[in-house]
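Use the sequences and the hints to build the structure in full.
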Amino acid sequence: MTALGSFALYAALVVTLYGLAAGILGLRRRDPVLLESSRRAVAGWAGCIALAAAALLYALVTRDFSIRFVAETTRADLPLLYAVTAFWGGHAGSLLLWALVLALYGAVAASSGLRRLPAAPIVFLVLLGTAAFFTLILAASGNPFEALRIPPPDGRGLNPLLRNPWMAAHPPALYLGFVGTTVPFALAVAALASGDPDGATLRAARPWVRLGWLFLTVGLLFGAKWSYVVLGWGGYWAWDPVENAALMPWLTGAAYLHSVQVFERDGTLRRWTAGLLMLSFALAILGTFLTRSGVLSSVHAFANSSVGPYFVVFLAFLVAGSAALLLRRRRDAGAADAGAGGQIDSLLSREAAFLANNVLLVTAAGAVLLGTLFPILAEVVTGDRINVGPPYFNQVLLPVVVLLLLLMAVGPLLSWRRSDPREMGVLLAAPGALGALAALGGAALGIRHPAALLIGALCVFTAAATVVEAGRGAEVRRRRGDALPVALVRVAARARTRYGGYLVHLGLLIMLAGITGSSVFTTQTQTALRPGERVRLGRYEVRYDEVSAVEGAGLTVTAAALTAFDGRGAVSLEARHVHHRAQDAITAEVAIHSTWRDDLYVVLIGLSGDRRATFRILLNPMVAWLWAGAALMVAGGTIAALPARRRVSPGVLEDARQSAQPELVR
Amino acid sequence: MRTSRKLVVGLAVIVAAIGAVAYSGIRSAAVYYLTPTEFAGRADLRSAQVRLAGTVEAGTVRRDGGRVTGFRLSDGTTAIDVRYGGPLPDLFAEGREVLVEGRLRDGALDATRVITTHPTEYKEGSPRP
Chain X
1 MTALGSFALY AALVVTLYGL AAGILGLRRR DPVLLESSRR AVAGWAGCIA LAAAALLYAL
61 VTRDFSIRFV AETTRADLPL LYAVTAFWGG HAGSLLLWAL VLALYGAVAA SSGLRRLPAA
121 PIVFLVLLGT AAFFTLILAA SGNPFEALRI PPPDGRGLNP LLRNPWMAAH PPALYLGFVG
181 TTVPFALAVA ALASGDPDGA TLRAARPWVR LGWLFLTVGL LFGAKWSYVV LGWGGYWAWD
241 PVENAALMPW LTGAAYLHSV QVFERDGTLR RWTAGLLMLS FALAILGTFL TRSGVLSSVH
301 AFANSSVGPY FVVFLAFLVA GSAALLLRRR RDAGAADAGA GGQIDSLLSR EAAFLANNVL
361 LVTAAGAVLL GTLFPILAEV VTGDRINVGP PYFNQVLLPV VVLLLLLMAV GPLLSWRRSD
421 PREMGVLLAA PGALGALAAL GGAALGIRHP AALLIGALCV FTAAATVVEA GRGAEVRRRR
481 GDALPVALVR VAARARTRYG GYLVHLGLLI MLAGITGSSV FTTQTQTALR PGERVRLGRY
541 EVRYDEVSAV EGAGLTVTAA ALTAFDGRGA VSLEARHVHH RAQDAITAEV AIHSTWRDDL
601 YVVLIGLSGD RRATFRILLN PMVAWLWAGA ALMVAGGTIA ALPARRRVSP GVLEDARQSA
661 QPELVR
Chain F
1 MRTSRKLVVG LAVIVAAIGA VAYSGIRSAA VYYLTPTEFA GRADLRSAQV RLAGTVEAGT
61 VRRDGGRVTG FRLSDGTTAI DVRYGGPLPD LFAEGREVLV EGRLRDGALD ATRVITTHPT
121 EYKEGSPRP
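These protein sequence lines map, in sequence, to chains X and F. All residue numbers for the first sequence refer to our numbering, where the first residue is 1 and numbers rise by one. All residue numbers for the second sequence refer to our numbering, where the first residue is 1 and numbers rise by one.
Hints are supplied without guarantee of correctness; some may be wrong.
Stated by the list, open to error - Chain X side only, calculated, beta carbon under 10 Å to chain F, not exhaustive:
| id | residue |
| --- | --- |
| 1 | V108 |
| 2 | N394 |
| 3 | Q395 |
Said to hold, decoys possible - In silico contact screen, one side only, chain X against chain F (beta carbon under 7 Å); selected entries:
| id | residue |
| --- | --- |
| 4 | D266 |
| 5 | G267 |
| 6 | F289 |
| 7 | I344 |
| 8 | S346 |
| 9 | F374 |
| 10 | I386 |
| 11 | V396 |
Claimed, not checked - Pair by pair, the computed Cβ-Cβ distance ranges are:
| id | chain 1 | residue 1 | chain 2 | residue 2 | range |
| --- | --- | --- | --- | --- | --- |
| 12 | X | A436 | F | G85 | 21 to 31 Å |
| 13 | X | L148 | F | D81 | 27 to 37 Å |
| 14 | X | A316 | F | A16 | 27 to 37 Å |
| 15 | X | E546 | F | A20 | 49 to 59 Å |
| 16 | X | R156 | F | E94 | 22 to 32 Å |
| 17 | X | G532 | F | G107 | 38 to 48 Å |
| 18 | F | G107 | X | V61 | 51 to 61 Å |
| 19 | X | W596 | F | E94 | 38 to 48 Å |
| 20 | X | L437 | F | E94 | 50 to 60 Å |
| 21 | F | G107 | X | D610 | 30 to 40 Å |
| 22 | F | G95 | X | V312 | 50 to 60 Å |
Honestly, the hints are just simulated from the structure, not real lab data. All residues carry an ideal CB built from backbone N, CA and C; glycine is no exception.
Have a look at this one:
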């Protein structure tokens with residue numbers, strides 16, 4: 001397996017280099033045979049990487065401890081599921097997963113309709129360039145097939161924190177999102193390099209971004225869920241640089257999904273839209289660099305890391321190249337592409353709302369980037385090691401979120417070009433009243449936290465405005481005789497992207513309400529109890545019943561049984577400690593009783609000889625809203641990302657929908 | 001063109017305001033990460049929010065009716081007194097490596113947070129992508 005895997009990696013490197021040479025030469029000589037050969041090299045490279053991945057998977061499943069990676073991440077007694085997910089449980093395997101996901105996207109791109117685009121050879125060149133980079137670092141410094149001279153009798157086993165279903169699924173989802181920025185990036189480069197007079201190349205990126213952004217959302221959620229149920233600190237998001245790394249391309253991807261609607265409508269914001277695709281890819285590479293190079297623990301760790309310098313060079317090349325392309329086009333761009341805001345007639349237009357939304361989303365990404373990179377820069381410049389904590393991010397992002405919520409309410413109701421202020425007033429009257437009512441209701445219930453009241457009221461206002469907008473289209477059909485639900489489904493089916501987007505908006509609002517509730521109003525207590533003793537937290541009284549220990553394969557599970565009473569009934573809970581004997585490490589399994597109102601969250605902290613157990617108990621309000629909103633976002637994103645049924649180029653179809661919309665509404 | 005200019009100016013003002021918030025925020029939210037020895041040598045950080053890494057010195061944990069009220073944090077050469085009455089992390093114990101966040105007051109660190117280090121979290125080859 002070692003030989004086959006290594007061979008596949010080196011073959012992959014040769015194929016990409018050949019493909020790059022063939023592509024460059026083919027473009028120079030305008031030779032279709034060479035260009036076709038370059039396209040096939042993408043598929044050939046993907047095949048080699050798939051072979052390498054299959055070899056690694058086989059080695060993991062058969063526990064071939066003669067391979068260092070397998071010996072470091074698995075053990076004989078590791079369950080099969082975690083032997084498979086050990087693939088991304090270490091450095092070299094994670095890099096191979098990156099390459100494998102790129103192989104998947106590349107193979108689809110090379111065989112899809114993209115190849116009929118005039119600028120397709122450039123798309124494949126960029127894909128091959130990225131493929132060459134990742135294959136090079138795999139072969140040169142992260143080879144997962146490195147052999148051990150003396151194979152150990154058993155492996156070290158998977159990091160205990162990773163033995164969790166959410167963490168098993170988190171990296172593939174996140175990587176599908178990260179790597180999903182590559183094809184759109186290639187399309188943006190191709191569009192700018194070729195001129196792309198009809199805009200088809202840039203438009204072709206949209207379905208790819210929708211899909212990648214959806215995966216990134218799912219990946220972020222899996223990570224948050226894992227943090228919540230495994231780490232035992234009571235939260236789901238810590239503004240940890242590793243989390244920020246995934247949030248930044250998510251923000252710029254969201255910006256693209258809005259600005260592209262302006263571009264598809266009238267061809268403006270072309271460079272800006274292409275620039276967002278380039279920025280998203282650069283941030284995804286930066287994120288991979290931050291997590292893979294060790295630079296986060298210390299600049300010195302980066303200096304000793306084997307992949308860090310490669311990433312810095314690649315990133316510098318990528319940023320410089322993108323900037324050059326964006327600036328070069330400035331000279332020959334026509335008046336229609338004069339720049340951001342070139343064709344905006346009225347502040348009260350959908351174009352203006354989209355532009356403001358984009359500026360805010362990019363500003364948010366910039367603020368997150370500053371908070372993430374500041375410690376690294378400070379260590380380089382002053383030598384001080386600094387941590388930038390949640391207060392910074394909360395303080396900076398609060399005004400951005402407030403403004404984005406307002407835009408999310410008003411934007412979808414606005415018409416293109418200009419809107420009638422009086423009509424807007426009529427449409428927004430009911431949502432405004434509901435929002436004000438929510439604020440008053442919250443204050444009457446005793447909520448004195450100004451930011452929480454503001455966000456809560458805005459969430460209600462914006463959700464109501466979204467419902468008003470979604471209902472406007474359905475109302476027209478209803479008047480023609482359809483029942484309201486039927487009308488809504490029919491209208492939504494016609495403009496799937498649009499209505500999928502509204503579901504994403506609603507999901508985001510529900511999620512934001514949950515985030516606000518759980519981060520502002522959480523209460524907790526820490527206490528040591530003997531069996532039979534009780535402790536009170538909020539409306540719950542929690543009784544510690546007994547402790548038991550069970551031996552499993554390679555681990556010992558100590559479970560503390562508890563009963564929670566809320567005045568109406570009783571719920572059984574079990575907070576556990578898992579002792580992983582191989583690593584002599586303990587992980588906690590949090591007991592969670594979730595309701596729409598709040599989560600009762602019990603962590604077993606420790607046990608002492610006299611049967612006393614120490615618990616930390618938290619009452620986290622509205623966490624269930626977060627997951628429910630997230631599920632709605634994913635559902636909406638899926639509806640929007642499903643491929644179009646008719647075999648028309650996606651851009652054309654979108655244009656038809658967009659132009660059909662005003663007639664439907666009026 | 002007038003409208004566009006208005007929009008651009010408006011957005012620029014908003015971005016500048018958020019930038020100003022970010023600039024002031026990052027200075028006040030920056031937490032220095034040091035060992036007790038390094039901290040002892042930094043007169044300029046006397047009143048700054050710091051995060052100190054060390055071990056809980058054996059035999060120094062003070063309790064008031066089962067509740068921990070303080071301990072000494074040591075890096076082997078220097079030790080500093082820590083006052084703390086809040087929630088303690090998983091597996092807090094003497095000899096365990098912890099991170100203590102707080103501010104110096106009357107010769108002792110008034111801690112706002114005590115967390116255990118997750119040694120695997122940021123290593124190269126860290127599983128979290």
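Against the structure, the hints:
1. V108: Nearest chain F Cβ about 22 Å off; hint violated.
2. N394: OK, holds: N394(X) within 10 Å of chain F, min 9 Å.
3. Q395: holds (5 Å)
4. D266: Violated, about 14 Å.
5. G267: The hint is violated - G267(X) has no Cβ within 7 Å of chain F, the shortest such distance being about 16 Å.
6. F289: For F289(X), the interface hint is violated, since the closest Cβ of chain F sits about 11 Å away, which is over 7 Å.
7. I344: holds (5 Å)
8. S346: Holds, because the Cβ-Cβ distance from S346(X) to chain F comes to roughly 6 Å (cut-off 7 Å).
9. F374: holds (6 Å)
10. I386: Nearest chain F Cβ about 5 Å off; hint holds.
11. V396: holds (5 Å)
12. A436(X) - G85(F): 21 to 31 Å: Check failed, 41 Å falls outside 21 to 31 Å.
13. L148(X) - D81(F): 27 to 37 Å: violated (48 Å)
14. A316(X) - A16(F): 27 to 37 Å: holds (28 Å)
15. E546(X) - A20(F): 49 to 59 Å: holds (57 Å)
16. R156(X) - E94(F): 22 to 32 Å: holds (28 Å)
17. G532(X) - G107(F): 38 to 48 Å: holds (43 Å)
18. G107(F) - V61(X): 51 to 61 Å: holds (59 Å)
19. W596(X) - E94(F): 38 to 48 Å: With Cβ atoms ~42 Å apart, the hint holds.
20. L437(X) - E94(F): 50 to 60 Å: holds (55 Å)
21. G107(F) - D610(X): 30 to 40 Å: The hint (30 to 40 Å, Cβ to Cβ) holds, given that G107(F) and D610(X) are roughly 36 Å apart.
22. G95(F) - V312(X): 50 to 60 Å: violated (39 Å)
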